[in-house]
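Visitor: Sequence:
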Amino acid sequence: MAKAINWPLVFREEVIAEDCDALRLACRLGSLYYENRYWVPDEVVDIRVNHKKIRKAKVVGDLRQCTLNDLTADDFQRLKSTLKTPEALRQFLSQTYDQPVDADTLITLVTYQNLPVVPEEIEAQDDPHI
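Our numbering puts the first residue of the sequence shown at -13, with every later residue one more than the last.
FYI, nobody ran anything at the bench for these hints, they're computed from the structure. Treat the hints with caution; some may be incorrect.
PhoX-like mimics (lysine-lysine), calculated; alpha carbons at most 25 Å apart, straight line [said to hold, decoys possible]:
1) Lys(-11) / Lys38
2) Lys38 / Lys66
3) Lys(-11) / Lys66
4) Lys44 / Lys(-11)
Label-pair restraints from in silico Cβ distances [claimed, not checked]:
5) Glu106 / Ala(-10): 12 to 22 Å
6) Glu106 / Gln51: 31 to 41 Å
7) Gln51 / Lys(-11): 29 to 39 Å
8) Thr68 / Ile108: 14 to 24 Å
9) Ser80 / Val104: 32 to 42 Å
We put the CB at the ideal spot given by N, CA and C, even for glycine.
Assemble the whole structure, with the sequences as input and the hints as a guide.
Guide: This is the structure:
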């Protein structure tokens, strides 16, 4: 199985609709991904939503590590539409990882560029009514 960048279900439509031109950014708490160089430049990874494959993307450049406080305006522009402010990102990370997050929390950043969506490769989400 390919390495992946996984997003919560709330981002499914956004991930499908994103273009292949802009650089995107994913944040993960802590340094584990950074220290182990989990993603490497030019690696093709799956972009998943709720663990279901949606599309592929290419990792752009090296992983970065910084605090939330150190994110730049460009970094925020590359995040998902609802994560474009420090407070929104802090809340998202806190809820996603179920732990306290503040401006000095260390995060790992992976920059990637989406590859085209292949409709027949999109994995369907499980129907919660079944």
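Visitor: Starting from Lys(-11), check that the Cα of Lys38 is at most 25 Å away, please.
Guide: 12 Å, holds
Visitor: Decide if the proposed pair is consistent with the structure: Lys44 and Lys(-11), CA atoms, cutoff 25 Å inclusive.
Guide: 11 Å, holds
Visitor: So if I understand the rule, the pair passes when the alpha-carbon distance is 25 Å or less; does Lys(-11) with Lys66 pass?
Guide: Roughly 20 Å separates the two Cα atoms, so the pair holds.
Visitor: Taking 29 to 39 Å as the stated bounds, is the beta-carbon spacing between Gln51 and Lys(-11) within them?
Guide: 18 Å, violated
Visitor: Measuring from beta carbon to beta carbon, are Glu106 and Ala(-10) in 12 to 22 Å?
Guide: Between Glu106 and Ala(-10), where Cβ atoms are some 19 Å apart, the hint holds.
Visitor: Does 14 to 24 Å hold as the CB distance between Thr68 and Ile108, or does it fail?
Guide: 22 Å, holds
Visitor: Look at the Cβ atoms of Ser80 and Val104 and judge whether their distance stays inside 32 to 42 Å.
Guide: For Val104 against Ser80, whose Cβ atoms are near 34 Å apart, the range 32 to 42 Å holds.
Visitor: Between Glu106 and Gln51, does the C-beta distance stay in 31 to 41 Å?
Guide: 37 Å, holds
Visitor: Within 25 Å, alpha carbon to alpha carbon, are Lys38 and Lys66?
Guide: 18 Å, holds
Hint check: a violation occurs at hint 7 only; the rest are consistent with the structure.
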